[in-house]
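Visitor: Residues per chain, in single letters:
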Amino acid sequence: MSQEHNMRRVTAIRNGTVIDHIPAGHGMRVLEMLGINKRSSVPVSMVMNVPSKKMGTKDIIKVEDRELTQDELNRLALVAPDAHVAIIRAYSVAEKLTIELGDEIVNVVRCTFSNCITTNPREPLAHRLKIVARVPLELRCHYCGRPQDLDELVNNVI
Amino acid sequence: MPGLITMDDLSNEEILSILDDAQRLLPVAEGRTYLPLLQGKILGNLFFEPSTRTRMSFETAMKRLGGDVVNLGDVKTSSVVKGETLFDTIQMVDGYTDIIAMRHPRQGAAQYAQDAARVPILNGGDGAGHHPTQTMLDLFTIQQAHGRLDGLKVILAGDLRYGRTVHSLSHALTRFGCELILASPSLLKMPPEIVADLNAHGAKVTETEDLLGSIETADVVYMTRIQKERFADEDEYAKVAGAYKLHASNLDGAKEDMIIMHPLPRVDEIHPSVDQTRHARYFEQAFNGVVARMALLCRLLDVEVPADIGGGA
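Going down the list, the protein sequences come from chains A and B.
Per my numbering, the very first residue in the first sequence carries number 1; after that it's consecutive.
Per my numbering, the very first residue in the second sequence carries number 1001; after that it's consecutive.
Quick caveat, the hints were computed from the structure, so don't treat them as lab data.
Predicted model only: the values in this text are computed from it and were never measured.
Heads up, a few of these hints could be off.
[What the hints assert, rightly or not] Derived DSSO-like pairs: lysine-lysine, alpha-carbon spacing no greater than 30 Å straight-line:
#1 1239/B to 1255/B
#2 130/A to 1189/B
#3 130/A to 1239/B
#4 1189/B to 1255/B
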């Protein structure tokens, strides 16, 4: 099934953001991490488990009338590090963005270790996870040094 | 150098140089020479959980060098009980002192404090995390006994899961090319991420439940306390803890210069009969806490320890 066919499963958007190459089944998590939920007023379309040459299957999200910022997209590094992002203006791709995984993920998720100093919600310093390996992704808390379980981590989104 | 949170904050050269300073400071630590290198400096002792040796040795170290100490005191009567954050406590003490020694029940608290403070933080233990000042005195004790740190065979025994002293020490020893035998009950094994780190350094590491099997070839046996509360019931504790007790009769085949260490307090894991053997070093080790911390306080406060102190070091 062609790429073009996949994209047409939902109608083309006039203005907004298309996030492609999301690992299959992670689409909902991507929406959560972007803070797109019931309270959002913009139209959002999502297709799940569509065939992909590169990934086998994948999810795709289209968010209308909202251009996601690079900072917002970088939050997705945990769940969809290889996602392709296109900003659409007047039905055309105006910009292509890639998710940038820096050396640290700051104030996106909380450390999963129950005895970490950062579990006190009143402590004001930033939540910081260091990237120790990129493929596969391995993270450790900057403060307590504990390795992070990625499946558990996505439940700790700030 | 901002502070000492984990042993990764020190290079091998820095470790050896601080141990050299400690060696020269021995007559000062023993009270034979007065050397007020830290006169006018104030140490803030922030112990959010109980400590005897670490807190007292920091205080002694500072006072032997002519410095002064302010204490947080009992956590139960401080602002902490009113819900003050660590961040706020550090902001306050940071303004009162030149350097802070801290112990905290939460892992990562020392790094957090360092990020919040302008003065250097000396990590005196953070949860089950790190205890690098203990490691420095342990390394000093090992070097005193063997004249070197490299290439030794060291058994770390007991509670390796929650024991922060062995977490920091194992990292440092493997950096000096020591071979490690990790002897513990399966429930209290060294955390896998630490074993992975040690292996990544190319260290020879063996995990076993058998403490006594390796004693004859060891240069150092480092015992730790197995805590009753780690076990579901007392019977299981008694069964497991029994396999990690040393008696003088276990040491018959040991190398002549093998030393037995323990961060103390001990309960039953080293029988008093061991105290009289040539292998026992744990009381000297506890004393070395003063001299190692003196050297660390000088280094972190950027005060040079003179090459010649006198007093017969």
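Visitor: With reference to the structure, classify each hint as holding or not holding.
Guide: For each hint, the structure was consulted:
Between residue 1239/B and residue 1255/B the CA atoms are separated by roughly 28 Å; this keeps the pair inside 30 Å, and the hint holds. Simply put, residue 130/A and residue 1189/B have alpha-carbon atoms about 25 Å apart, close enough for the 30 Å limit, and the pair holds. Proximity of residue 130/A to residue 1239/B is assessed by CA-CA distance (about 41 Å); at most 30 Å being required, the pair is judged violated. The suggested pairing of residue 1189/B with residue 1255/B holds, with an alpha-carbon distance near 26 Å, which does not exceed 30 Å.
Violated hint for the displayed structure: number 3, the only one.
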